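With chain F held as given, fit chain D onto it using these hints.
2 protein chains.
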Amino acid sequence: MNMKEEKMDQNKLTIAIVGGTGKEGKGLAFRWGKAGHRVIIGSRNLEKAQLSVNEIKDLLPPFSKLTGETNESAVKQADIVVITVPYEAHRNILSSLKNELKGKIVIDVTVPLVPPNVTKVQMPMDGSAAQEAQKILGQDCKVASAFHNISYDLLLKNTPVQCEVLVCGTDQQTRQTVLGLVKDAGLTGWDAGPLENSVVAEGLTSILININKKYNSRTAGIKITGIESPSS
Amino acid sequence: MNMKEEKMDQNKLTIAIVGGTGKEGKGLAFRWGKAGHRVIIGSRNLEKAQLSVNEIKDLLPPFSKLTGETNESAVKQADIVVITVPYEAHRNILSSLKNELKGKIVIDVTVPLVPPNVTKVQMPMDGSAAQEAQKILGQDCKVASAFHNISYDLLLKNTPVQCEVLVCGTDQQTRQTVLGLVKDAGLTGWDAGPLENSVVAEGLTSILININKKYNSRTAGIKITGIESPSS
Numbered sequence: 056m057n058m059k060e061e062k063m064d065q066n067k068l069t070i071a072i073v074g075g076t077g078k079e080g081k082g083l084a085f086r087w088g089k090a091g092h093r094v095i096i097g098s099r100n101l102e103k104a105q106l107s108v109n110e111i112k113d114l115l116p117p118f119s120k121l122t123g124e125t126n127e128s129a130v131k132q133a134d135i136v137v138i139t140v141p142y143e144a145h146r147n148i149l150s151s152l153k154n155e156l157k158g159k160i161v162i163d164v165t166v167p168l169v170p171p172n173v174t175k176v177q178m179p180m181d182g183s184a185a186q187e188a189q190k191i192l193g194q195d196c197k198v199a200s201a202f203h204n205i206s207y208d209l210l211l212k213n214t215p216v217q218c219e220v221l222v223c224g225t226d227q228q229t230r231q232t233v234l235g236l237v238k239d240a241g242l243t244g245w246d247a248g249p250l251e252n253s254v255v256a257e258g259l260t261s262i263l264i265n266i267n268k269k270y271n272s273r274t275a276g277i278k279i280t281g282i283e284s285p286s287s
Numbered sequence: 056m057n058m059k060e061e062k063m064d065q066n067k068l069t070i071a072i073v074g075g076t077g078k079e080g081k082g083l084a085f086r087w088g089k090a091g092h093r094v095i096i097g098s099r100n101l102e103k104a105q106l107s108v109n110e111i112k113d114l115l116p117p118f119s120k121l122t123g124e125t126n127e128s129a130v131k132q133a134d135i136v137v138i139t140v141p142y143e144a145h146r147n148i149l150s151s152l153k154n155e156l157k158g159k160i161v162i163d164v165t166v167p168l169v170p171p172n173v174t175k176v177q178m179p180m181d182g183s184a185a186q187e188a189q190k191i192l193g194q195d196c197k198v199a200s201a202f203h204n205i206s207y208d209l210l211l212k213n214t215p216v217q218c219e220v221l222v223c224g225t226d227q228q229t230r231q232t233v234l235g236l237v238k239d240a241g242l243t244g245w246d247a248g249p250l251e252n253s254v255v256a257e258g259l260t261s262i263l264i265n266i267n268k269k270y271n272s273r274t275a276g277i278k279i280t281g282i283e284s285p286s287s
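Protein sequences, first through last, are from chains F and D. FYI, the numbering for the first sequence is 56 to 287, going by the working numbering. FYI, the numbering for the second sequence is 56 to 287, going by the working numbering.
Chain F with its partners taken away, still in its complex shape:
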């Protein structure tokens, strides 16, 4: 790993959000920008990245560290890379950024929905999108997965989000780092174990879409019960 220890100070992280012009990416960029992290929104299209930055900057305090770059340039500068792309683009984006991602923590937010039947859990052959990412990137990256079940519209609002975050990842220290970022985003996160468990967090999204449809809602989420919240 070429990650330097002093760069991993949780208070001074540089976070690249690949495919960050979608609502997931913008929501997370806003929350982390507000928490004082340096955030780079990445896109295949530089202009689109910068448009998203302008959109979010208005919501952030002055001097917030938010910029827009190409995905490649964003990843090069980052300690932590968040992947928020539609599942159709998942394999290609990861393969094309493989070299730049070496030695980084990669947080995969991808949910492998298979239209038109998005209420049915249909995982890729490797077991989940996160395991697929690990396979593509190899052992040079520390892959985690998180934020699958959040209604992203809520992130751009300043209201508390009821839905909690399951964090999976093979490396316990990586999960801890990601849990710190969950907290910085104003959310409650839980250590959900190894990357193989990501099938549950990813698949829950289909179940929540089903619940939204059946019970006429838009913001179904999950919460862990029977135990005191770790961030309280």
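Treat the hints with care, since some could be wrong.
To be verified - With a Cα cut of at most 35 Å, we get these calculated DSBU-like pairs of lysine-lysine:
id, chain 1, residue 1, chain 2, residue 2
1, F, K269, D, K89
2, D, K238, F, K278
3, D, K278, F, K89
4, F, K268, D, K67
5, D, K212, F, K269
6, F, K78, D, K278
7, F, K157, D, K175
8, D, K268, D, K278
9, D, K67, F, K269
10, F, K212, D, K278
11, D, K89, F, K278
12, D, K190, F, K278
13, D, K269, F, K278
14, F, K268, D, K157
15, D, K153, F, K269
16, D, K268, F, K157
17, D, K212, F, K278
18, F, K268, D, K238
19, D, K268, F, K67
20, F, K89, D, K268
21, D, K269, F, K157
22, D, K175, F, K78
Since the hints were derived computationally from the structure, they do not count as laboratory data. Treat the numbers as computed from the prediction; the structure is a model and nothing was measured.
Using the frame of chain F, we list chain D on its own:
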């Protein structure tokens, strides 16, 4: 299906609990007995079944309809059959009861934990225990899955259970019937979609065990947020 419509009156169900002498089975038997259903605890060992009945009868009102039988005899008399066996016994029990289960609703409660690493999601080849059950039993049974995440110790107590229940099953009417039984057990249930989604409900148990270990708890569960409870 040889199930007669008038037998499916939700208020007069006969429920067999296969492997019902474990804490899952006893907890559910108690809750459904209290709700007025006729419950038959099944076991390979008749004497063990009857011992469990005696144990629970003390907690129930007089004239509750609770008996103990062999698994085979229990299943023959039932409208609904609940499978609460350790995963090691899952395939054999289902195969041996296949003929008796024809035309019944089967609620599979089995979680395919693979010791010693029970905090890691490790599903069987068919995708989940519930899909495996459907494959073994064929299309003559309506298979659903539910109750995977409940701390069963809580069921025998008269306290409200915070953990909610995800109900999967290919047939929507079957899911509705099971949701009725979830309510009768004093729990809140959600229509979680087709049987393929059972991987999430089953896998969540490994995540909850991980959370119990990491955060020093015994009763971690889940709850759906951002939407009003369907049973309220």
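Hint check results:
1. F/K269 x D/K89: Holds, at roughly 29 Å.
2. D/K238 x F/K278: Within the cut-off at roughly 20 Å; holds.
3. D/K278 x F/K89: Answer holds: D/K278 to F/K89 is near 29 Å, not above 35 Å.
4. F/K268 x D/K67: 31 Å, holds
5. D/K212 x F/K269: Given pair D/K212, F/K269 holds - Cα atoms ~31 Å apart, limit 35 Å.
6. F/K78 x D/K278: Distance ~25 Å between F/K78 and D/K278 Cα, so the pair holds.
7. F/K157 x D/K175: 26 Å, holds
8. D/K268 x D/K278: 19 Å, holds
9. D/K67 x F/K269: 27 Å, holds
10. F/K212 x D/K278: 23 Å, holds
11. D/K89 x F/K278: Distance ~29 Å between D/K89 and F/K278 Cα, so the pair holds.
12. D/K190 x F/K278: Holds. D/K190 to F/K278 sits at ~32 Å (cutoff 35 Å).
13. D/K269 x F/K278: Holds - the C-alpha atoms of F/K278 and D/K269 are around 17 Å apart, at most 35 Å.
14. F/K268 x D/K157: At roughly 32 Å apart (the allowed maximum being 35 Å), D/K157 and F/K268 satisfy the hint.
15. D/K153 x F/K269: Given that 35 Å is the threshold and the Cα spacing comes to 32 Å, the pair holds.
16. D/K268 x F/K157: 32 Å, holds
17. D/K212 x F/K278: 23 Å, holds
18. F/K268 x D/K238: 21 Å, holds
19. D/K268 x F/K67: Holds: D/K268 and F/K67 sit about 31 Å apart, inside 35 Å.
20. F/K89 x D/K268: The hint holds at about 33 Å.
21. D/K269 x F/K157: 29 Å, holds
22. D/K175 x F/K78: 31 Å, holds
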